[in-house]
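Residues per chain are reported as follows:
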Amino acid sequence: MSTSTPPVIVLGGGIAGLLAAHELGRNGVAAEVYEAGPRIAGMAASHTDADGFSYDVGAHFVTNRFMAALGMRANCRVLPRYGEVVHLSAKKHPVYPIGLLGVPRFVRSAVWEKVRRPKRDLSVAADRFRHDYGRKLADEVALPLLEAWSGLPADQLSASVIDKIPTGLAQTIWLRMAQRMTKRAVMIGYCKEEPSATGVFHVYPDGGIAAICQHVADGLAQPVQVGQPAEKIYTDGERVVGVRIAGRDIETNTVISTLPINRLTQLIEGSDRLDRFRRFQFRGLVLVNLKLTGRELLPDVIVWTPHGFPYFRVTEAPMAMPWIAPVDKTMILCEFGAQPGDEVWAMTDEEAVERCVSTLDPLIPDVRSRLLGASVLRQPLGYPVFALDYEPDRAALAAEGTGIAGLHSVGRNGEFDHILMEDTFWRLRRRIPAIARDHHRCSVVASSIEGVHNEHSTA
Amino acid sequence: MAADERESVTLENVACCICGGVDGTPVGVGEDFEYHTTSHSFLAVRCPRCELIYLDPRPTPASLPVIYPDEYHAFAFDEEQFGLVHKVRSRLEARRLLRAGRGLPADAHVLDVGCGDGFHLDLLRQHGPKGWQLHGVDTDARAVAAARGRGLDVEEQPVETSALAPGSIDFALCIQTIEHVGDPVAILRAIGKLLKPGGRLYLITDNTGSPDFKITKGRHWGGYHFPRHWNLFNKASMRKLAEAADLEVAKLSTTTSPVNWTYSVRNTLVDWNAPSWMVNRFSLKAAPALAAFTAFDTAFTVIGRGALLRVILRRPQ
Ligand SMILES: Cc1cc2nc3c(=O)[nH]c(=O)nc-3n(C[C@H](O)[C@H](O)[C@H](O)COP(=O)(O)OP(=O)(O)OC[C@H]3O[C@@H](n4cnc5c(N)ncnc54)[C@H](O)[C@@H]3O)c2cc1C
Ligand SMILES: [Zn+2]
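In the order they appear, the protein sequences are chains A and B. Going by numbering that gives the first Met the number 0, 1 is the number at position 2 of the first sequence; the sequence numbering is gapless. Going by numbering that gives the first Met the number 0, 141 is the number at position 142 of the second sequence; the sequence numbering is gapless.
Just chain B, same shape as in the assembly:
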């Protein structure tokens, strides 16, 4: 990336997206260890009332093209590059999704908010009931193009302005999206409007109640993903978020992921100038590390402290 592009990241102060407070206290400070898109450092703060962890200050919307470079993995998690890991992940994710969608009608309308390149919709198309109507929204033109390339019905829109009919959706997905957006309450409200009364939202996001957060929150936690994760939740702040968005919490649990553990270690090594052979042992392509951390995190998931929050919210009847 050119130097002048790096400097084009501008920052703005923000409030807690749940309570509007501006008195967050510092929890961690770090850099873009993964993509090095900017020379800024970022401060993660905790809202003393909501326990929300958020970046303050954070990049302005105008800086988004810089902090999401072309090589960003959300648009490039394809099969050739990630081989075995991709297969394992697909199988696991499909199982989880279908379990969450159990009991839906045969002609259910399903919406993936922040669908990226259509990875999850594609899984549902392959493994789910054939009668399901699949929709997606995403704001990134490159992602939408990729999803449409797979033959999926995707709008290039924020969900707030989606053309879908209010009250038409049975089941919404919001998978590792909420942490990237500036106003999670607005997104959840918008999803709530699109849901049928009693309709469900299946939400996955990084868990700040996890042990890897506790250990590495000062700087290297993988879940910070500096500066792209703007709002990060634990169970308490997730409940507050749901309340602010007028949604009911149907289920609040955690699930296993090796990604944050892997990146927490990797970021530490990168930051402490470890040799590259060591750094490379910890990446999304490093099957041994991913396997080991999956096993490890599974143990924490059993006691409700897994790496990801797994939430089912419901629009009140």
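Next comes chain A alone, as it looks inside the complex:
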């Protein structure tokens, strides 16, 4: 083997893999990115159809801060608005979250919950939500939504699903005021890693979210190698020693994986430390995008639908990003929680569209006559499910990593966390320097891939 430091191997050409390679480069370490599929971007893909509608996977929002950090803010447009409401009844759509304070029964029950004897153990999501928000708000709004995108009852979910940095009430009001004054979609509690501020607002890159991945990929020293699935990760029991990519063994002492953590465990050779993550479940999403005539059909950009609808959220992205649909036309996205194999997942595209059109009435009464077309996307990696069942293992992954030196699992699916692209970026920026230093230190590979091979063939 050559005397120069071998490159760090990055698995996956989605935003996390590309950003990891970008940060490694800044830390003076070469990286090779291998993507199994035919193209980069993963869940951050975009396309424009023949009728002039542009889509991402679901609706994606990014901030001016994130885009400035990548040097691509000049290629972005500012969102004139962004807002979320909760559908309580055909007439009632309180703004999330402050509008909910205008609903007397929610306030009463929240106050009652505070004066009642405090509950000691709040490790279960259902208890924690009822404690934090009051029983009424939890049971009518928060828990049904949580259950829809988790696919488990709230008493089987961990309280750690609750955001680490909730935006306080006073700050929310202040940010909404700034939104009004600046006519910009000021970010309110979107990113976990870095705080909200009046100067941090939503923007959208020309060419869609995929343009972000393309921009980062263009800046890498080495092109991403597509059509190159990782098949094995070799370890000596303690540390990574190599990988097999598309039938080819490569020596390395550092691997950054962006694969779903439960998939990553299946590639490990020479250690069973990751086996505990095999049980982790992702909740799938069926995303139905309806193309309609008209604009501003919903009460706000995002409508949460905790009751009475087969989907948990309805989004009209062109309200926030007017340029992604032709003039006087719009897109309504309905998101169903689903699991590969279940009844929702198995719907045909026609059935899925029909299920949306036949239920959207309370929000858009004349939806059927507006319908121009539709597309359906099934995303098996919608949300990591924070099941109580494996909560200790999830917490361990978050705190200690994979348990194998040199093997780093990053990104939304790799960390098994409800994070956005910008969170991934700041986390990588903080983590990569130590990974790069460790990689330098271990640049003399202790055990050869052959060694591990032999051990395994005799075992």
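Think of the hints as simulated: they come from the structure by calculation, not from any bench. Ideal Cβ positions, reconstructed from N, Cα and C, are used throughout, including at glycine. Warning: the hint list may mix true and false statements.
Said to hold, decoys possible - Per label pair, the in silico range of CB-to-CB distance:
(1) A:A169 <-> B:A298: 23 to 31 angstroms
(2) A:G51 <-> B:A144: 49 to 57 angstroms
(3) B:G102 <-> A:G167: 52 to 60 angstroms
(4) A:G101 <-> B:A273: 57 to 65 angstroms
(5) B:G303 <-> A:R275: 50 to 58 angstroms
Following the hints, put chain B with the ligands in place on chain A, whose structure we already have.
Only chain B with the ligands this time, still in chain A's reference frame:
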């Protein structure tokens, strides 16, 4: 400015100029509120070890002609345009400079690094001892031409390649320059070489330990001067900078300036679409605002939190 020129601003990622780290965390994001030279936004980050605030990414050197347009104030702070404000400022600056230069020999060699149009050298020539030998360096051809037009001895050079003899300078000035350059450590090292052993460097730069930074750092702080201020210091990072450049800190204090306060307010108003009559109350030509903020900042200077850092560094004996 033509649209194609605007787009010619290209950006590059950079490291902390003191420790070389690349893990700065975001502090502020904003645009060129003052000159609108580019449609990019810029991110100010903080080095978690040094407390340095720096732009990352920042414009490439090739973009400098675009982000310093002809009307840039450093080259146009002349008397006719700024009248009374100019007079007050001159008087104040001359006093400060001479105080910093007390105890120098009668034939001292003085070097102004980043001398611009020669404003400070000119003050020394007018108000300082007649025997002082005054030199300047600046990299901007327009600035150098202006300074030479005043009859000053100015090299068009970065200080690193100055033709001045090593160890020949008694007193160097670096006034509101360090924040504009890519590698402050290199500049300070170069100045250190030109100084005599024990020679002093008088340095002024924006203070990120000031209350106006604290209040407006998210976007509108005047001291960001997006995208022209690349490295910004507080007392802690200034000490680290001096250490990295092998200079001793002889004195580290703050001094009063109304400029950042004025621009912090102005940038907020511009950004929040305030009417122009209101915006115009806050500029370098608006004497009432400048006077009020001077008074205000004086109070903070008393408690060591003035708008500018005022530093005296010394080449070790
Ligand atoms: C509906 C929805 C809405 C969202 N909205 C937002 C939003 O508004 N803002 C936001 O910031 N984020 C949003 N997100 C999250 C964001 O999309 C993800 O965080 C991000 O795209 C994940 O990137 P990643 O690189 O971690 O994973 P992925 O994009 O999944 O990339 C992993 C890559 O690894 C490849 N791969 C898999 N197996 C192998 C193998 N064996 N070898 C090599 N390569 C392999 C895959 O093909 C894929 O390209 C949303 C997500 C969803 C689902
Ligand atoms: Zn540093």
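Hints versus structure:
1. A:A169 <-> B:A298: 23 to 31 angstroms: Given about 28 angstroms between the Cβ atoms, the range holds.
2. A:G51 <-> B:A144: 49 to 57 angstroms: 53 angstroms, holds
3. B:G102 <-> A:G167: 52 to 60 angstroms: 54 angstroms, holds
4. A:G101 <-> B:A273: 57 to 65 angstroms: 31 angstroms, violated
5. B:G303 <-> A:R275: 50 to 58 angstroms: With Cβ atoms ~54 angstroms apart, the hint holds.
Hint check: a violation occurs at hint 4 only; the rest are consistent with the structure.
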